[in-house]
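Peer 1: Take the given structure of chain A and dock chains B, C and D to it, following the hints.
Chains as they are written, first to last, in this note's numbering: chain A, 137 to 219; chain B, 137 to 219; chain C, 14 to 165; chain D, 14 to 165.
By construction, these hints were calculated from the structure, which means they are not laboratory data.
Misleading hints may appear alongside valid ones.
Unchecked claim - If you anchor each label on the Cβ, the simulated ranges turn out as follows:
1. GLN83(D) x GLY166(A): 27 to 37 Å
2. GLY155(D) x ASP164(B): 32 to 42 Å
3. GLN83(D) x TRP147(C): 57 to 67 Å
4. GLY155(D) x GLY166(A): 15 to 25 Å
5. ASP160(A) x GLU100(D): 45 to 55 Å
6. THR62(C) x HIS114(D): 18 to 28 Å
7. ALA29(D) x ALA152(B): 34 to 44 Å
8. ASP201(B) x GLY159(D): 43 to 53 Å
9. GLN83(D) x TRP161(C): 26 to 36 Å
10. SER162(D) x GLY166(A): 55 to 65 Å
11. GLY176(B) x GLY97(C): 26 to 36 Å
12. LYS173(B) x THR62(C): 22 to 32 Å
13. GLY177(B) x TRP147(C): 19 to 29 Å
14. ALA75(D) x GLU181(B): 40 to 50 Å
As the list claims (entries may be wrong) - Below, in silico cross-link-like pairs of lysine-lysine (DSSO-like), each with a Cα-Cα straight-line distance of 30 Å or less:
15. LYS79(D) x LYS148(A)
16. LYS59(C) x LYS205(B)
17. LYS173(B) x LYS138(B)
18. LYS148(B) x LYS79(C)
19. LYS59(C) x LYS138(B)
20. LYS173(A) x LYS148(A)
21. LYS148(A) x LYS72(D)
22. LYS59(C) x LYS151(C)
23. LYS151(C) x LYS72(C)
24. LYS59(D) x LYS138(A)
25. LYS205(A) x LYS173(A)
26. LYS148(B) x LYS205(B)
27. LYS79(C) x LYS138(B)
28. LYS151(C) x LYS148(B)
29. LYS79(C) x LYS151(C)
30. LYS199(A) x LYS173(A)
31. LYS199(A) x LYS151(D)
32. LYS138(B) x LYS205(B)
33. LYS138(A) x LYS148(A)
34. LYS173(B) x LYS148(B)
35. LYS148(A) x LYS199(A)
36. LYS138(A) x LYS79(D)
37. LYS199(A) x LYS138(A)
38. LYS138(A) x LYS173(A)
39. LYS199(B) x LYS151(C)
40. LYS148(B) x LYS138(B)
Backbone N, C-alpha and C fix where the C-beta goes; we use that ideal spot for every residue, glycine too.
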Amino acid sequence: MKLVFFAWLREKAGTAEVEVSPPDTVSDVGSLIEWLKEQGGGYGEAFADLSVVRVAVNQEHVKLDHPVKAGDEVAFFPPITGG
Amino acid sequence: MKLVFFAWLREKAGTAEVEVSPPDTVSDVGSLIEWLKEQGGGYGEAFADLSVVRVAVNQEHVKLDHPVKAGDEVAFFPPITGG
Amino acid sequence: MIRVQSEDFDLAAEVAAMSGGNLAIGGVCAFVGLVRDFADDDSRIKAMTLEHYPGMTEKALAGIEKEANQRWPLEASLIIHRYGRLEAGDRIVLVAAASAHRSAAFDACRFLIDWLKTEAPFWKLEEAASGTRWVEAKGSDGEVAGRWSRKE
Amino acid sequence: MIRVQSEDFDLAAEVAAMSGGNLAIGGVCAFVGLVRDFADDDSRIKAMTLEHYPGMTEKALAGIEKEANQRWPLEASLIIHRYGRLEAGDRIVLVAAASAHRSAAFDACRFLIDWLKTEAPFWKLEEAASGTRWVEAKGSDGEVAGRWSRKE
Numbered sequence: 137m138k139l140v141f142f143a144w145l146r147e148k149a150g151t152a153e154v155e156v157s158p159p160d161t162v163s164d165v166g167s168l169i170e171w172l173k174e175q176g177g178g179y180g181e182a183f184a185d186l187s188v189v190r191v192a193v194n195q196e197h198v199k200l201d202h203p204v205k206a207g208d209e210v211a212f213f214p215p216i217t218g219g
Numbered sequence: 137m138k139l140v141f142f143a144w145l146r147e148k149a150g151t152a153e154v155e156v157s158p159p160d161t162v163s164d165v166g167s168l169i170e171w172l173k174e175q176g177g178g179y180g181e182a183f184a185d186l187s188v189v190r191v192a193v194n195q196e197h198v199k200l201d202h203p204v205k206a207g208d209e210v211a212f213f214p215p216i217t218g219g
Numbered sequence: 014m015i016r017v018q019s020e021d022f023d024l025a026a027e028v029a030a031m032s033g034g035n036l037a038i039g040g041v042c043a044f045v046g047l048v049r050d051f052a053d054d055d056s057r058i059k060a061m062t063l064e065h066y067p068g069m070t071e072k073a074l075a076g077i078e079k080e081a082n083q084r085w086p087l088e089a090s091l092i093i094h095r096y097g098r099l100e101a102g103d104r105i106v107l108v109a110a111a112s113a114h115r116s117a118a119f120d121a122c123r124f125l126i127d128w129l130k131t132e133a134p135f136w137k138l139e140e141a142a143s144g145t146r147w148v149e150a151k152g153s154d155g156e157v158a159g160r161w162s163r164k165e
Numbered sequence: 014m015i016r017v018q019s020e021d022f023d024l025a026a027e028v029a030a031m032s033g034g035n036l037a038i039g040g041v042c043a044f045v046g047l048v049r050d051f052a053d054d055d056s057r058i059k060a061m062t063l064e065h066y067p068g069m070t071e072k073a074l075a076g077i078e079k080e081a082n083q084r085w086p087l088e089a090s091l092i093i094h095r096y097g098r099l100e101a102g103d104r105i106v107l108v109a110a111a112s113a114h115r116s117a118a119f120d121a122c123r124f125l126i127d128w129l130k131t132e133a134p135f136w137k138l139e140e141a142a143s144g145t146r147w148v149e150a151k152g153s154d155g156e157v158a159g160r161w162s163r164k165e
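Bound-form chain A, shown alone:
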């Protein structure tokens, strides 16, 4: 599973892109985030307030209950501010 981070989530997570192999208990975006927080590093700070975290799975906007599986590209980023 490939994780990608953008904007201040990238800065707080301390990584732009990382390959992870979470355990089978990680079935959706929400449980993936909980597992990442347990891994330490910058993830605790990055995911401290989920109200300002947005997620895309395979480049589509999704909610926290969206399933994730091996091979997915999961992106974390703040609410977008383009245009």
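Peer 2: Okay, now just chains B, C and D, sitting in the frame of chain A:
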């Protein structure tokens, strides 16, 4: 009083611009049009259907009851179709 | 700024001239009207001639622009309307509005073209294969402009 | 057409390329977003850097354009969004819609920019005198885009 005509009103009236001196009984646009129809020429045809005639006095859109006086510029034209 | 001219205009140059250097502008909305090759009844059009009322045209356009600037917080606005003979595909009119915020730019731009279509004294003479014909005004233009009427 | 690029664009050339030769087009509505020299809290901004999500950005913009073409009878549409470092006064984004009728052109153009602002993965890092700062999303953008939601 200067009269100006545009588009098909100009074609039907047979003139683009003419100076007229109507009698004192001509006090507003409506009575000016009635007087013009009596003068013959193309005016009868130009003013046959007032629902498709628009009027400006001194370059401002007005209604048929708007007063007219010596020195005014009175324009007659169809509903506008610019833009 | 308003301009009535027979010549064509360059969209990028006009918008740059209107907004260039004003760093308070966050968005510019522009509308360009073009000569289509078909009439409202779907018959083919080769070209058209735009007649206008010199003097009143400038006065009407200036009034429309002033009204837009009173209604919205604009940093700049522009109306250019051409007259004379134009062929299918030619540009007829450009209206544009610039503001700190996109909402004002959009609303003002639409107001400019809606009002222009019922207030500015222009008339189109279409050239079809069968001859020339004065375009009839669309009732819908009056209704659209009516939406902008102030409630006193 | 959609494009994501660091380079600037020429408004007139882009609109001409989009609409040129299509004689069914009666109107083109275009919106250009610019870098302002002030932030939402009124502090001064010198420049900003636009980060985006390559791959997803193109996918999102293509989806927004497709949706606009399904909702309105458009003859052409265009989205160009820049990324990288931009200074105050620089162009950020161009959206445009062309249709036989001006109403569809205006509505579709506004839809394109409203949706882009909540769907396309771009983030602005502002450079003020005090340092850099990630721009916070405005709640109003979500509300504005929400207006376009289909009633199922």
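Peer 1: Could you run down the list of hints and mark each one as holding or not?
Peer 2: Each hint, compared with the structure:
Range check, GLN83(D) to GLY166(A): Cβ separation about 33 Å, and the 27 to 37 Å hint holds. Between GLY155(D) and ASP164(B) the CB atoms are about 56 Å apart, so this pair departs from the stated range of 32 to 42 Å. Between GLN83(D) and TRP147(C) the beta carbon distance is about 37 Å. The supplied range of 57 to 67 Å is therefore violated. Range check, GLY155(D) to GLY166(A): about 21 Å between beta-carbon atoms, so the 15 to 25 Å window is met.
Range check, ASP160(A) to GLU100(D): about 50 Å between beta-carbon atoms, so the 45 to 55 Å window is met. For THR62(C) paired with HIS114(D), a C-beta distance near 22 Å keeps the hint of 18 to 28 Å intact. In this structure the hint that ALA29(D) and ALA152(B) lie 34 to 44 Å apart at CB holds, the actual value being about 36 Å. Range check, ASP201(B) to GLY159(D): about 48 Å between beta-carbon atoms, so the 43 to 53 Å window is met.
For the hinted restraint 26 to 36 Å between GLN83(D) and TRP161(C), the CB-CB distance of approximately 29 Å keeps it satisfied. Between SER162(D) and GLY166(A) the beta carbon distance is about 25 Å. The supplied range of 55 to 65 Å is therefore violated. At roughly 33 Å, the beta carbons of GLY176(B) and GLY97(C) sit within the given window of 26 to 36 Å. The hinted range of 22 to 32 Å is satisfied by LYS173(B) and THR62(C), whose Cβ atoms lie roughly 28 Å apart.
As the Cβ distance of GLY177(B) to TRP147(C) is approximately 20 Å, the hint placing it in 19 to 29 Å holds. For the hinted restraint 40 to 50 Å between ALA75(D) and GLU181(B), the CB-CB distance of approximately 58 Å leaves it violated. This hinted pair does not check out: LYS79(D) and LYS148(A) have alpha carbons roughly 35 Å apart, beyond 30 Å. For the proposed pair LYS59(C) and LYS205(B), the alpha carbon gap of about 43 Å is over 30 Å, so the pair is violated.
Between LYS173(B) and LYS138(B), the direct Cα distance comes to roughly 16 Å. Compliance with the 30 Å bound is thereby established for this hinted pair. Distance check on the hinted pair: LYS148(B) and LYS79(C) sit about 35 Å apart at the alpha-carbon level, beyond 30 Å; violated. A C-alpha spacing of about 35 Å is found between LYS59(C) and LYS138(B), which places the hinted pair above 30 Å, so the restraint is violated. Simply put, LYS173(A) and LYS148(A) have alpha-carbon atoms about 12 Å apart, close enough for the 30 Å limit, and the pair holds.
A hinted pair counts as satisfied when its Cα atoms are at most 30 Å apart, and LYS148(A) with LYS72(D) qualifies at roughly 26 Å. Taken as a hint, the LYS59(C) and LYS151(C) pair is honoured in the structure, with Cα atoms around 21 Å apart against an allowance of 30 Å. At roughly 23 Å between alpha-carbon atoms, LYS151(C) and LYS72(C) fall within 30 Å of each other, so this suggested pair holds. Distance restraint check for LYS59(D) and LYS138(A): the Cα-Cα separation of roughly 35 Å exceeds the 30 Å cut-off, and the hinted pair is therefore not satisfied.
Between LYS205(A) and LYS173(A) the CA atoms are separated by roughly 18 Å; this keeps the pair inside 30 Å, and the hint holds. Taken as a hint, the LYS148(B) and LYS205(B) pair is honoured in the structure, with Cα atoms around 24 Å apart against an allowance of 30 Å. Annotation: proposed proximity of LYS79(C) to LYS138(B) holds, straight-line Cα distance about 28 Å (limit 30 Å). For a cut-off of 30 Å, the pair hint linking LYS151(C) to LYS148(B) stands: about 22 Å separates their Cα positions.
Straight-line distance between C-alpha atoms of LYS79(C) and LYS151(C) comes to about 25 Å, which keeps the hinted pair within the 30 Å bound. Distance restraint check for LYS199(A) and LYS173(A): the Cα-Cα separation of roughly 18 Å lies within the 30 Å cut-off, and the hinted pair is therefore satisfied. Between LYS199(A) and LYS151(D), the direct Cα distance comes to roughly 20 Å. Compliance with the 30 Å bound is thereby established for this hinted pair. For the hint pairing LYS138(B) with LYS205(B), the CA-to-CA distance comes to about 10 Å; that is within 30 Å, so the pair holds.
Taken as a hint, the LYS138(A) and LYS148(A) pair is honoured in the structure, with Cα atoms around 18 Å apart against an allowance of 30 Å. Only pairs whose Cα atoms come within 30 Å are accepted, and LYS173(B) paired with LYS148(B) is accepted, the gap being roughly 12 Å. Between LYS148(A) and LYS199(A) the alpha-carbon distance is near 21 Å, which keeps this suggested pair within the 30 Å criterion. A hinted pair counts as satisfied when its Cα atoms are at most 30 Å apart, and LYS138(A) with LYS79(D) qualifies at roughly 28 Å.
A C-alpha spacing of about 18 Å is found between LYS199(A) and LYS138(A), which places the hinted pair at or below 30 Å, so the restraint holds. Note on LYS138(A) and LYS173(A): the hinted pairing holds, with a Cα-Cα distance of about 16 Å set against a maximum of 30 Å. Taking the CA atoms of LYS199(B) and LYS151(C), the gap is about 20 Å. The hint holds against a cut of 30 Å. Straight-line distance between C-alpha atoms of LYS148(B) and LYS138(B) comes to about 18 Å, which keeps the hinted pair within the 30 Å bound.
Hint compliance for this structure: hints 2, 3, 10, 14, 15, 16, 18, 19 and 24 are not met, and every other hint is.
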